[in-house]
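Number of protein chains: 2
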Amino acid sequence: MRRNDYYIPVSCEEKAADFGNTKDGGDSKYNKYDSIPLNSLKSDEAGPKQGPTFQDGQRRVDYVLTYHIQKPQSFRRKTSHFGDYRILRSLRRSLSMMRGRDTPPPKEDPEVAAHKHRLDYHEDDKRFRQTEFEDNLREMGLELEKDEGNKIPGIGFLKIHAPWNVLCREAEFMKLKMPTKKRINLFIRKATAPLHPKVEPNRAQNVKHLSHPFSREKQHLLLGNGVYSAAYPLHDMLFYPLLSCQILYDEWASYSVFYKYQPIGLIRKYFGEKIGLYFAWLGVYTQMLIPAAIVGAIVFLYGCATVDNDIPSMEICDPRNNITMCPLCDRACSYWKLKTACGTARASHLFDNPATVFFSIFMALWAAMFMEHWKRRQMRLNYIWDLTGFEEEEGHHRAEYEIQVMQKTLKKQDMSPKVTHELEVCVLLSPLQVGVTFAVVFGVILYRISIKAALHMSSNPTARTNIRATVKGTAAVINLVIIIIMDEVYGALARWLTLLEVPKTDKSFEERLIIKTFVLKFANAFSPIVYLAFFRGRMVGRPGDYVYVIGSYRMEECAHAGCLMELCIQLCITMLGKQLIQNNLFEIGIPKIKKLIRRRKSDMDSQQQEDYNMTLQRHEKDHFLGPFVGLSPEYMEMIIQFGMVTLFVASFPLAPLFALLNNIIEIRLDAKKFVTEVRRPIAARAKDIGIWYNLLRGLSKVAVIVNAFVISFTSDFIPRLVYQYMYSPDGSMHGFVNHTLSYFNVSDFQPGTAPLQPMHLGYEVQICRYKDYRETPWSNTPYDLSKEFWAILACRLAFVVVFQNVVMLMSDFVDWLIPDIPKDISLQIHKEKVLMVELFMKEEEGKKLLRDSHANQSPLQPRSRPASHTPSNC
Amino acid sequence: MRRNDYYIPVSCEEKAADFGNTKDGGDSKYNKYDSIPLNSLKSDEAGPKQGPTFQDGQRRVDYVLTYHIQKPQSFRRKTSHFGDYRILRSLRRSLSMMRGRDTPPPKEDPEVAAHKHRLDYHEDDKRFRQTEFEDNLREMGLELEKDEGNKIPGIGFLKIHAPWNVLCREAEFMKLKMPTKKRINLFIRKATAPLHPKVEPNRAQNVKHLSHPFSREKQHLLLGNGVYSAAYPLHDMLFYPLLSCQILYDEWASYSVFYKYQPIGLIRKYFGEKIGLYFAWLGVYTQMLIPAAIVGAIVFLYGCATVDNDIPSMEICDPRNNITMCPLCDRACSYWKLKTACGTARASHLFDNPATVFFSIFMALWAAMFMEHWKRRQMRLNYIWDLTGFEEEEGHHRAEYEIQVMQKTLKKQDMSPKVTHELEVCVLLSPLQVGVTFAVVFGVILYRISIKAALHMSSNPTARTNIRATVKGTAAVINLVIIIIMDEVYGALARWLTLLEVPKTDKSFEERLIIKTFVLKFANAFSPIVYLAFFRGRMVGRPGDYVYVIGSYRMEECAHAGCLMELCIQLCITMLGKQLIQNNLFEIGIPKIKKLIRRRKSDMDSQQQEDYNMTLQRHEKDHFLGPFVGLSPEYMEMIIQFGMVTLFVASFPLAPLFALLNNIIEIRLDAKKFVTEVRRPIAARAKDIGIWYNLLRGLSKVAVIVNAFVISFTSDFIPRLVYQYMYSPDGSMHGFVNHTLSYFNVSDFQPGTAPLQPMHLGYEVQICRYKDYRETPWSNTPYDLSKEFWAILACRLAFVVVFQNVVMLMSDFVDWLIPDIPKDISLQIHKEKVLMVELFMKEEEGKKLLRDSHANQSPLQPRSRPASHTPSNC
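Chains as they are written, first to last, in this note's numbering: chain A, 1 to 874; chain B, 875 to 1748.
It should be emphasised that the hints constitute simulated quantities derived from the structure, not laboratory data. Note that CB positions come from ideal geometry on N, CA and C, so glycine has one too. Some hints here could point you the wrong way.
Stated by the list, open to error - Lysine-lysine pairs mimicking BS3-like chemistry, simulated, CA-CA at most 25 angstroms apart:
hint	chain 1	residue 1	chain 2	residue 2
1	B	K1213	A	K831
2	B	K1561	A	K833
3	A	K504	B	K1697
4	B	K1468	A	K687
5	A	K687	B	K1645
6	B	K1213	B	K1697
Claimed, not checked - Computed from the model, here is a short list of chain A residues facing chain B with C-beta under 7 angstroms:
hint	residue
7	K787
8	W790
9	A791
10	L809
Just chain A, with the same shape it has in the complex (with noise of 0.2 angstroms):
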């Protein structure tokens, strides 16, 4: 009744075929293995060794070390070079732990050990170190093998067996599950069978086993203490059916799966459960996108099917409504006509209509119902991959944590310590992020202002009709070129900026290097969007009193429709080049080339390069790979992406769409790129997606007021209401556009501001207009801000307020509705619960019997009390 099943990294699996020797054959021969009672499978002498095995061709390799064959001088730049340090932490604290238990460790002299750490990077300190790591690893059980130099010249590797009673030791930190049907809704079950990826699904999903899963506290153990250039398991390149590399890359990293769902159960068993919660996480983000891509679409298709019923577009195009408009620039520019901004008005009508207040509500709600689901289905993973009772660990030590310290404790006189503190790194931080942002933006804006005066400026009738567009269009490319190489730069900053603080353990070093990158890739990326939604616009002044920067520059205006046309155009180019550029030349082709350049190092041309290839064996061959990097570059992105899809979605439905496209991609995307690209990451236990979670979270709060601003302050919602409910003459929007516009008299500009070319429209101008609620230039505080100002800044403010709580009651009420341990899990853990207790009760029922049948026979029963009573030893 009970089954075994194996955790891949430190797999027990012995009974394999290598998959370029016996590509034939292992299928079928290795199925009956799969789920053999535990007791049946004694060791792992049963069966026939066929993987990547030491030489005697018995036991299988189920870790690589790799080091340098001792070139002293050359270390410490190789190991750079290859950029595994990271992975290479300190076992020093927990072998001596381990020593401490069965044998303590002579005694050194502390003179002695002074001198060794003085001497410590020395040669024959570092192989008298790898002698002892190694002598400590077969102490533990594990079996050794080196293979030095064979193939691959200066480097050496250290195959390492777990023999079956160190895998039973360690299995020993497990939970018992009792293995339990799952009832399955058959009818749905067969409508989306086309949709489950063909791995078993009944066997792999359906049954829980009882499984024995490695707890990560004792795979430190497997890492070197400084003499190592890299470790990894190996990529098993097998055919055995149910834990391949191989059925990974036919049912999930293909493109030609994309509408399947992901081998999640496979993906935990081949790469761990840190990334298989990163897929499944992935995996939902992407199914709850599918709602809210349709719902945008629709919003946007209902924006295109009413634009021509669009009164205000409509009042704005009309050449009867023959309105002059006070000039965009000094002098260059003159008066124009209104019903030139006849295209940006239709177009704004898109994405600025009822529709989106709708859509933007509606996204705050998916936001939470995402955040619902995946508390739900991570629950139900953990349940699944017995996870409810593991807690997470701090982490060890940091071998650089350590070397400071050391450092700091032998050489207090040499050198001053590095040791900065996270508040020093803040107060570094903050200006310098704020200067380059403020810079960066300003910077563009410049741009901006600049290119459109010098368009200005120029008298051919074509360019001037193209400024807008031409305008908007390139200083969105330019801003998105700064976006992705600031992106790249903050990424070095903040992990530079994060190892100058030194943190203590790897978990709040991930941690701390997670948030700092957050908070300055996100800044990064949204500034400009920030920049557009909210400021763009309001801080021009008036005619006649325009504010200036840097001299004579003034601020930008909004077209006539508001600046939500220009948010839209900037969000929809940053999010697509985003993703375009950064998955697809970064993803893709980095790794090639890195790859591609790895090889060339060895100086052989192709032909030769593939023979050699055939030649390595399986953990040769990864050594070529790419190292893993951790997930955060992958979460990020998804996070920036999150953020674009929820914060900014009222000027720009599409967004989910686009998303989703993304996504689909980037799933198979990643796939490929782990089994394929890199070596095979170092399985890690993990309940949850941890801090991501927590930024989500925060994401999603903030969205709402972020929504609840775009819609009051850069949409034209609020004012159109107001004017429809207070002032509109017949209730209706006719006379909405003459009420949006003040009027100003030509006769107050400034000296030296006024147009050089007044006569351009053919008429002469004592009145233009321009966009604001001021008062006329005759009444008696001309150009002041007016009654209606004031009123609808109170009507946007209010519509914020009741926006942003109702929305967040709505949030919680989701919240609160959605039960965050799925029905049918909490019930399954009830009954184990039951089963556990009559279990219990019945070896209790036993022992009584026992009790009594004793008792009775006893003669020395102490008192004639009718019931029992006996004194039981329990």
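Based on these hints, arrange chain B on the given structure of chain A.
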């Protein structure tokens, strides 16, 4: 090293003296039993028997069930009279489960069974069921003794004793914890020594024992199936030093120790975790109120100190500002001088000054801190009480639910099912609630309006000057009386509605009842306050165009200095009155009266009574105490108070001080009640305070927005700021009063509304003033809302947006800053884990050594590999 901590309600203690009989001697005798090792305490045979025991004087009475000695016709009435039906839950299900495991129950013929049900309440059947139930109890190993009508006529007692082996069986559902010493800062310990109750803190709180917490799961086994009228464990009136009722009485349930911490460990041991958590929560809340009360008092004192420097009230009080105000009611009232509002204006300043804004922010953060602090305290208690792995059960099916289902099944044809669904109840509830609340609030408004008009009508000048104070005071008192009466009505209503729903389990019953009661009582307590804060004086119209309700009643206006003063009085009277009346009268008085009535029934005079009391045994004495009705009323009272403290703190900074004073009394009052006034409650396990935490959290979230609105709309804070920075000619507050008053031309009064005595002030009035921002009578749009109105409204709303988001951000920051698990507890948990791992590794090494030596001896070693690779049966 391991110790045994007894869980009192089903304790193994057999070695205690009865309070009434052997008052001396118990103390020294039983000290040595407190920490005897587990193995030496094998059974309850050991030690002398002197507590409340069975007739044999040996077996202790652990639990008592009472029933009415067979009087068929009065059975049902009496049961409901005692009000204990609530605690009589169905044992049938669990018993059948128990039975199902050893001997299957004899299968009943369906015909016979149906017939039996029809005779459900028949005497024979009841007697049969009682016998069957008692047989079941005996079968479970419990020992029973009957004590029928010895002293109390008509009442039979079924005394239950749980022998050692039964306790041990239950105890095996336990969690092992290593006893670990907690580091204690000795200095702090010494400094705060007088604050700690004298309950041997070192032993009781600092050493973690290996404990045997009995799960609640099994407690329902001790409850009857409808034939018993009450079930309770006994009060331990012993001198046993750690575990008696007497020490609780001396060191906890006494007003003289009000300044001390509560002996939470002891409370938990005596009453169980659920009640322990309530008192721990109350303690944390009271403790946290201290800083809030201090800051609140300082804010109030600041108001008092600055009242003479407040320019607006100086302007109002200045006789030179001879402003004529418009009449406050139609016809009867006349014009009045603004300086008569001088007193109110000065009083308002006490509560309406910039310090209250600071205090609102402070209290929002205080609420966040409080929630965090409680989370940590709860975590600590969970650790100390060994609840870390404990998961709460859904609870057992309620007897009422099963009866309902049974009745529904049996009498489908006879009666329509009574089961109402939650949705129906909600549909029923909402309009009812809205209706009643509206009627009550409206009634009070009408009272105020009519009284005011009547008083104005009277020509007595002293009556007139006291009009406002009289109206405010009486209205607030009337409100209070209505609130208290409706509170009881709503409590009964919530219970009735929840009973209508017939929830499935105890837990869902409790939760639904709490939510309903909370909604009803909260709306009841806060509707007058909300009316005063946000609606009073908003919809009054303006002179010449007043809003009338029900024919001729004009809506109330606020006094010149805003409604804040009245809100304040209302809050003050509600808080003080509710606390005084509900605490002292209801909580102390009514139980006393009930007890008296219950005693009176036995028709004896006081001397007889006393003599009679002396002869009573413990279980008979406890019978006269009131039943324990759950913690909900206590929590509810505190939650309403928490609402008062946080929701409207902007208008009444003394609220935390009042709450603190009340709670210091409340703790000891509740303690007294639990120790002496009610039957000892059945100890229940709980990991947290459940739904109350969510309600608190919800309240502290709502508090932010409510305070934002109080500051910006109820107080004059924003108009003052706007005046100072936008309109003031010299940047000071001079002229603010004039700015807030609009002009009204008396010729614009509607016919029949002009004052009857226009010459009341001694001169003819042409223009009177009223508090509003409207255009002047001589403008183009007379009496329209002015630009100032809209500007101030926009500023008010902007303040709400900024305040809400800043405070929410700060609260989240506090939430994030304070870790949920205290550092020392997480270290402790980690240490325990390491110890476990070490223990395991030691065992493992022992095994390995054994295996190795075995392998070396074995001649049939299959292979000659160097490392140990032996099969093991792990």
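Now the hints, each set against the structure:
Distance check on the hinted pair: B/K1213 and A/K831 sit about 76 angstroms apart at the alpha-carbon level, beyond 25 angstroms; violated. Proposed proximity of B/K1561 and A/K833 is supported: the alpha carbons are some 18 angstroms apart, at most 25 angstroms. Proximity of A/K504 to B/K1697 is assessed by CA-CA distance (about 16 angstroms); at most 25 angstroms being required, the pair is judged to hold. For the given pair, B/K1468 sits about 55 angstroms from A/K687 by alpha-carbon distance, which is inconsistent with the 25 angstroms threshold.
Under the criterion of a C-alpha separation no larger than 25 angstroms, the hint pairing A/K687 with B/K1645 is inconsistent with the structure, at around 61 angstroms. Note on B/K1213 and B/K1697: the hinted pairing is violated, with a Cα-Cα distance of about 60 angstroms set against a maximum of 25 angstroms. Interface hint status for A/K787: upheld, as the beta-carbon distance to the closest one in chain B is roughly 4 angstroms, under 7 angstroms. Contact between A/W790 and chain B, as hinted, is supported at the beta carbon level, the nearest pair being about 3 angstroms apart and thus within 7 angstroms.
The closest approach between the C-beta of A/A791 and any C-beta of chain B is roughly 5 angstroms, which is under the 7 angstroms cut-off, so the hint is satisfied. Here the hint on A/L809 is broken, as its CB sits about 10 angstroms from the closest CB of chain B, past 7 angstroms.
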